[in-house]
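Go by the hints and put chain B onto chain A.
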Amino acid sequence: MKPQTTQTGRSFSCVSIATLLLASCTSGPQHSMVETAPRVLVSGYSQTTKIPLNVELFLSDELRAAEWHGKGTRGSGNYRLDLGTVLAYNAENVTREVFSEVLVTGGSEGPGQARLPGVLIPRFVNAERYGNTLTILLEWTLRDAEDNVVWIDTIKGEGSSTWSLLSPTEQQSVAVINDLFHKSFTALSTSRAIREFVAKRQKQSSVQP
Amino acid sequence: MTNRFRLPSPVRFVLRGALTIILSVAGCAGKTLSPYPRQAASSYPYFQEQDGLAIGIKPLTDPQESEKYFHTDLLSRGILAIFVAAENRESPNTFLLLKGQFTLHNALREELQVSDREQAGSSTLAATQNVMSALAVVGYFGFYGVGALPFALVESSIESHEEQVKTKFVTEELQAKTISLGEGTHGFVYFRRPPGYPASGYWVLRVEAMDVTNQKTKIFDFILDKK
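Each protein sequence line maps, in turn, to chains A and B.
So the first sequence is numbered by this note's numbering: it starts at 1 and just counts up by one.
So the second sequence is numbered by this note's numbering: it starts at 1001 and just counts up by one.
FYI, nobody ran anything at the bench for these hints, they're computed from the structure.
Given the structure is predicted, the values throughout are model-derived calculations rather than measurements.
A hint or two may mislead.
[To be verified] Simulated crosslink set (DSSO-like; lysine-lysine; CA at most 27 Å straight-line):
(1) A:LYS200 x A:LYS50
(2) B:LYS1218 x B:LYS1099
(3) A:LYS156 x A:LYS71
(4) B:LYS1099 x A:LYS183
(5) A:LYS203 x B:LYS1216
(6) B:LYS1218 x A:LYS200
(7) A:LYS50 x A:LYS156
(8) A:LYS183 x A:LYS50
(9) A:LYS71 x B:LYS1068
(10) B:LYS1216 x B:LYS1099
(11) A:LYS200 x A:LYS183
(12) A:LYS50 x A:LYS203
(13) B:LYS1099 x A:LYS156
(14) A:LYS156 x A:LYS183
(15) B:LYS1099 x B:LYS1068
(16) A:LYS200 x B:LYS1216
(17) B:LYS1068 x A:LYS156
Looking at chain A on its own, in the form it has when it is part of the complex (with noise of 0.2 Å):
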């Protein structure tokens, strides 16, 4: 009986010893991380010939100011990725891409200000994280020179992380900025609403003497 209890004595001390250990690393005051997604530059977009559409891209403040938050786990305290940067520069980006003309407007006189056939404006919808992969949700809109509604598409990209050398939050980012602009591209380029849009603008004009 005695060498049973010694073991079991010794067991529950391991445990114990374990257990403060654990719990010294997961005690703590909480602590906000805050990161910015690079500054990566969508490229490989397929080519097609563009849109012959003077257009405004209104870039407003909260786009420029767009993040996501996380709750940290246990001890790991809160998280912020700033997307904001990454996301205006790359609408500007795939909007000359797609269009003839591009006039980038932003600021609080709204998006109209450059009085053009068109106005493009990008909103940040949300963000989220799960596991190794980070979602965005992108809504784009054309309006004509009368404010009335052409098109609207809500766009959702996607990245995962594996292993790697590279932090899986970059990773993330990169693969997620990647796919929504390719993703909004294609929606852009191949727009119904969009071409019959400017079709009927072309025929208007050559009508007019």
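The following block gives chain B in isolation, referenced to the frame of chain A:
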């Protein structure tokens, strides 16, 4: 003679209990939720077509189905999720579908607007978290003798589950989209569960789709029964 190490039965009981709860909670958290299956609009229980614009809907009232796709019974937690599929089958015009154009009425014409996702999501998450927190409290007292390790695992599983449900709400929600000929859209709209739904009287889901070509609105009224 034999000096074989054997834990006392109370310790074995506690360890066995701990292992069972850790495995079940960890298993739950690791399970990936499959996306809600997308079909043709006409294949959903409620379907209407007007001038080439077809809309099919399905309220998510089956607890098993809700568990399968959201990991929780949404209706019992006060949320009515309705899956919507819309297609422009043969209209040359373009229609705009926004979640703000969905309303739920009862026989007395009392109206419920689509819940903001944050509100709907947070109430579900709060309810889900309560269940999981209760489990954690049981775990805490049960495992006190063993130490903090199982509790830490249970707690990380709660956060993982919460994030998963939240992500599901965001990524499966119906988003703003114009629908031209040959195009379609799909996703969930969320309402706070009306008092007494579905037992008390009938409910009508109204969908207003705007024709952006001529600025006219098409109204679809779906009378929801218990099918």
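Verification of the supplied hints:
no., hint, verdict
1, A:LYS200 x A:LYS50, "holds, 17 Å"
2, B:LYS1218 x B:LYS1099, "holds, 15 Å"
3, A:LYS156 x A:LYS71, "holds, 22 Å"
4, B:LYS1099 x A:LYS183, "holds, 22 Å"
5, A:LYS203 x B:LYS1216, "holds, 24 Å"
6, B:LYS1218 x A:LYS200, "holds, 24 Å"
7, A:LYS50 x A:LYS156, "holds, 23 Å"
8, A:LYS183 x A:LYS50, "holds, 16 Å"
9, A:LYS71 x B:LYS1068, "holds, 25 Å"
10, B:LYS1216 x B:LYS1099, "holds, 17 Å"
11, A:LYS200 x A:LYS183, "holds, 26 Å"
12, A:LYS50 x A:LYS203, "holds, 18 Å"
13, B:LYS1099 x A:LYS156, "holds, 17 Å"
14, A:LYS156 x A:LYS183, "holds, 8 Å"
15, B:LYS1099 x B:LYS1068, "holds, 24 Å"
16, A:LYS200 x B:LYS1216, "holds, 19 Å"
17, B:LYS1068 x A:LYS156, "holds, 23 Å"
This entry satisfies every hint, going by the numbered hints stated previously.
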